[in-house]
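Single-letter residue listing:
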Amino acid sequence: MIYAENILLCIAAPLLLSMLFVRDQARRYVLAFVSGMAACLLSAYVTGFLRLLVGWEATEVRIFLSPVVEELIKLIPLLILLLLSEPEDEALLLLAVALGTGFATFENCCTLLGSGEIGLSFVLIRGLAVGVMHIVSVAALSLGIIAARRLQVLSLAGFVGAVSVSMTFHGLYNLLVSQPGASSYVGFCLPLVAAVAIYPPYRRMRR
Amino acid sequence: MELASYILNALAIAVYVILIVLCVRSLSFRRSMAPVFFTFALVSNLMSLLYWLAYDLLRPDARMPFAANEFGEIGTFLLLASTLNAVFRGRFAQARWEIVCTGLFAAASAAFWIAWSGEWLQDILVGLSFGYLLCVVVRSMKQAAVFSRWEWRLLGAAAGLLLLLQGLTFALPEPWKGRADFCAYALMFLVLAWGFRRLIPALLRRADPCAQLALALFCWSWAVSTMYMSADFCYLAASFFSVCCTTLALIALRREEAAP
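Chains as they are written, first to last, in the numbering used here: chain Y, 82 to 288; chain F, 1469 to 1728.
In case anyone wonders, no lab produced these hints; they're calculated from the structure. Please read these numbers as outputs of a predicted model, since none were measured by experiment. Where a beta carbon is used, it is the ideal one built from N, C-alpha and C, also for glycine. Misleading hints may appear alongside valid ones.
Said to hold, decoys possible - Across the chosen pairs, the derived CB separations fall in these ranges:
# : chain 1 : residue 1 : chain 2 : residue 2 : range
1 : Y       : Ser265    : F       : Ala1583   : 37 to 43 Å
2 : Y       : Ile279    : F       : Arg1527   : 25 to 31 Å
3 : Y       : Val204    : F       : Ala1583   : 45 to 51 Å
4 : F       : Arg1559   : Y       : Ile161    : 30 to 36 Å
5 : Y       : Leu193    : F       : Arg1559   : 25 to 31 Å
6 : Y       : Ala263    : F       : Arg1621   : 15 to 21 Å
7 : Y       : Pro168    : F       : Tyr1474   : 44 to 50 Å
Produce the entire structure from the sequences given, and follow the hints as far as they go.
In structure tokens, the structure reads:
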């Protein structure tokens, strides 16, 4: 059996070593990517613990619990980053994207290694959908933070509200892909549609 | 009734998509954070509706232990409160008594939701965020001087009477229980109609946009409160009114953005 910790070590070790040879933005990107993977492992621990506590089935945990836990834990590195240093808008967006990419990469690796033999088309669809979903949810949140910072109104209620939006988005995705058939295809398309939808405000904000 | 519920939900989803597109295309997002918060609130509400529809279609017989759409509702309440905070820039008139009464109303409503559903955690979380939105709405209405003194008293009396009637439905036997229930429904829709009676003329005569927005979000909050306390036809009617209020709130917000 391959443990998730072993997968994390195997992927993270070369990435951490590479930090010795790169500087500035590249180094931050790698660190945020590894943080995303660590956040994914931590959220798996927390979800597993809560599953034992409440005694739900695996499907129910996937639909109801993991969106909440994953979105909250994904926030931790972003919040630490915001509190410790005050990154520029571009740097914040880059780090958020790296965080989401790291999270999605680790989740995909664990899913593929755990589910045995699956077709290439499914691997591609899942890889793209999960990747886009995690990137979109963190990127949208970081866009909200950037906008609030520009207008100097970083309100707690607004921030919690934005996190709730990403939880609902993630929950909807997990619900749709939980059953095979048409609903799962709609679910796989959902992150791409969301990515297309947030692109115009993203472009407008960067101007 | 189930078919009507699906149709209304699908219509609400379509309206929210149109409103989000309108928001993104027409609001400038430069002067204030209010349009950003409002757009996020619409997205949150849309997600919540989509989740509810998808859940009903995919798992019709399974009960939701704790659903992501409740987070969507919490998000909508907090983001709408943030919209009002941004529009009024945190400057609110003194409204100590009104806030205390609103807090009590929200707490009593949450207690009734728990009594009806038995879902402690989610009802407390939703109740807290809904109570916060109600407090911000009341402070905004006070700041914009939307109601006169006697109108505030009338609203307070109606809210108190509503809670009393809802409480009586737990204590009284049939047929009194049914009568108390009917009176509660009548009162809820009467207050909603009164809110619209104030909102529509304010929009038509292009009164202070801040007041229009505060009134629109008051009507929306009351419609949501009515939805949470109703079932079947009354739930659908309140849901329809909430969609109308969101549209009117967007009109008010656009006027507020255009104001010098």
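So, against the hints stated earlier in the document, which numbers end up violated here? 5 and 6
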